[in-house]
Structure formats: structure tokens, C-alpha cells
Amino acid sequence: SGLSPVAVYSSKHFDLVKSLGATAIYDYKTNLPSKIRAETSNSLKYAFNCISSQSIAKYCVSALILGASPRFANLLGEISLRKDVVPSLSITYTAIREDIVYIGTPIVASAQDFTFTKRWFEMIKAFLRKEKLKTHPLKAGLNSLAGVLEEMDLLRKGLVSGHKLIYHISKTT
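Under this note's numbering, residues 307 to 479 are what the sequence shown spells out, in order.
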């Protein structure tokens with residue numbers, strides 16, 4: 307792609323993030339967005355907030371290049387904390403061919419997003435098969451679906467870190 311991925315992460319997971327391809331990693335607890343902007347020579351044009359918190363959204367936007375209409379993709383809805391930033395909502399709900407309301411925001415179904423998502427999923431499957439794409443480590447949730455509520459509480463408390471929780475429906479009793 308010609309891009310150099312920059313990651314904002316907990317320092318305890320720097321090795322993991324480096325193994326996934328990040329060229330620079332910053333600790334969200336100690337590094338300031340201005341440091342990222344300085345170390346990237348004010349050239350960071352794209353940011354994606356996959357944590358879905360306002361504080362991380364602000365952090366991401368603050369690290370972006372000044373001017374030049376940088377882009378900020380977000381799971382919280384189309385918010386922008388700077389006038390020069392082009393915001394976008396990155397959520398697959400627009401691709402399910404049904405209008406919904408997400409966190410109080412109406413999301414309109416999109417035939418274009420549906421078509422794109424179908425192609426995108428096929429590409430991702432091929433990348434995974436060929437091992438050209440790496441995923442976060444996966445951790446099977448306890449008690450299959452019966453443990454979801456308990457483990458959602460762990461997520462709310464910030465006790466899940468460095469892996470994605472998955473659940474095996476077929477093992478649910």
C-alpha cells in the first residue's frame with residue numbers, strides 16, 4: 307500500500323503490534339499526539355479509531371497532519387474535533403441492506419456498501435488463507451455463550467487486553 311502503519315497501544319503489547327506490521331508504536335498513556343505529529347513530520351493523513359471512545363477519538367484527530375484534509379474513520383458516528391478533518395463512519399451496518407439506529411444515530415443501508423463488503427470479505431478470506439494478513443490473538447470465552455455477560459463486564463472494566471474474545475456457539479449448553 308505504500309503506507310507506514312502507526313499504532314497507539316498499551317506498551318505491554320508493543321511486541322504484538324510490531325509483529326502485526328506497525329512501523330511506529332506509541333503508548334496511549336504517555337505519548338502525546340503532538341509527539342506523533344512531530345515524529346511523522348506532520349504527515350499522518352489517516353486515522354482509524356477502533357476503540358470507540360471519545361478520548362481516543364480526540365487523541366487520533368490531534369495526531370493527524372495539520373491542513374491537507376486528513377481523514378478520520380470512527381466507530382462512534384461522524385464526529386470531527388477539527389474543521390480540517392474529513393470524518394467517516396466505519397461500520398459494516400450500512401452493508402446489511404437494512405436501515406438501523408446505532409448509538410442514537412440513524413444508519414441508512416447502502417447497496418454500494420453491500421457490494422463493496424462482499425468483495426472485501428472475499429479479499430480478506432484470501433489474505434488470511436495465504437497468511438498475508440494477521441489477526442489479533444483470539445481467546446475463546448468461558449462457558450461459551452453462557453459466559454458472555456460475565457465477560458462483557460470484564461470488557462467494561464478494561465480487563466480484556468491484547469486479544470479478541472470469541473465464543474463457540476456449538477459448545478453452548
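Read the hints as simulated data drawn from the structure, not as lab findings. A hint or two may mislead.
As the list claims (entries may be wrong) - Taking lysine-lysine and the DSS-like style, the derived pairs with C-alpha atoms no more than 30 Å apart in a straight line are:
{"hint": "1", "residue 1": "Lys438", "residue 2": "Lys463"}
{"hint": "2", "residue 1": "Lys335", "residue 2": "Lys424"}
{"hint": "3", "residue 1": "Lys318", "residue 2": "Lys335"}
{"hint": "4", "residue 1": "Lys438", "residue 2": "Lys389"}
{"hint": "5", "residue 1": "Lys470", "residue 2": "Lys318"}
{"hint": "6", "residue 1": "Lys436", "residue 2": "Lys324"}
{"hint": "7", "residue 1": "Lys424", "residue 2": "Lys463"}
{"hint": "8", "residue 1": "Lys438", "residue 2": "Lys424"}
{"hint": "9", "residue 1": "Lys335", "residue 2": "Lys436"}
{"hint": "10", "residue 1": "Lys470", "residue 2": "Lys341"}
{"hint": "11", "residue 1": "Lys341", "residue 2": "Lys436"}
{"hint": "12", "residue 1": "Lys463", "residue 2": "Lys440"}
{"hint": "13", "residue 1": "Lys463", "residue 2": "Lys318"}
From a predicted model like this one, the values you see are computed outputs, not experimental measurements.
Hints, one by one, checked against the model:
no.: 1; hint: Lys438 to Lys463; in the structure: violated (33 Å)
no.: 2; hint: Lys335 to Lys424; in the structure: violated (37 Å)
no.: 3; hint: Lys318 to Lys335; in the structure: holds (11 Å)
no.: 4; hint: Lys438 to Lys389; in the structure: violated (36 Å)
no.: 5; hint: Lys470 to Lys318; in the structure: holds (16 Å)
no.: 6; hint: Lys436 to Lys324; in the structure: holds (20 Å)
no.: 7; hint: Lys424 to Lys463; in the structure: violated (35 Å)
no.: 8; hint: Lys438 to Lys424; in the structure: holds (19 Å)
no.: 9; hint: Lys335 to Lys436; in the structure: violated (35 Å)
no.: 10; hint: Lys470 to Lys341; in the structure: holds (29 Å)
no.: 11; hint: Lys341 to Lys436; in the structure: violated (36 Å)
no.: 12; hint: Lys463 to Lys440; in the structure: holds (27 Å)
no.: 13; hint: Lys463 to Lys318; in the structure: holds (18 Å)
The structure shown violates the earlier hints numbered 1, 2, 4, 7, 9, 11.
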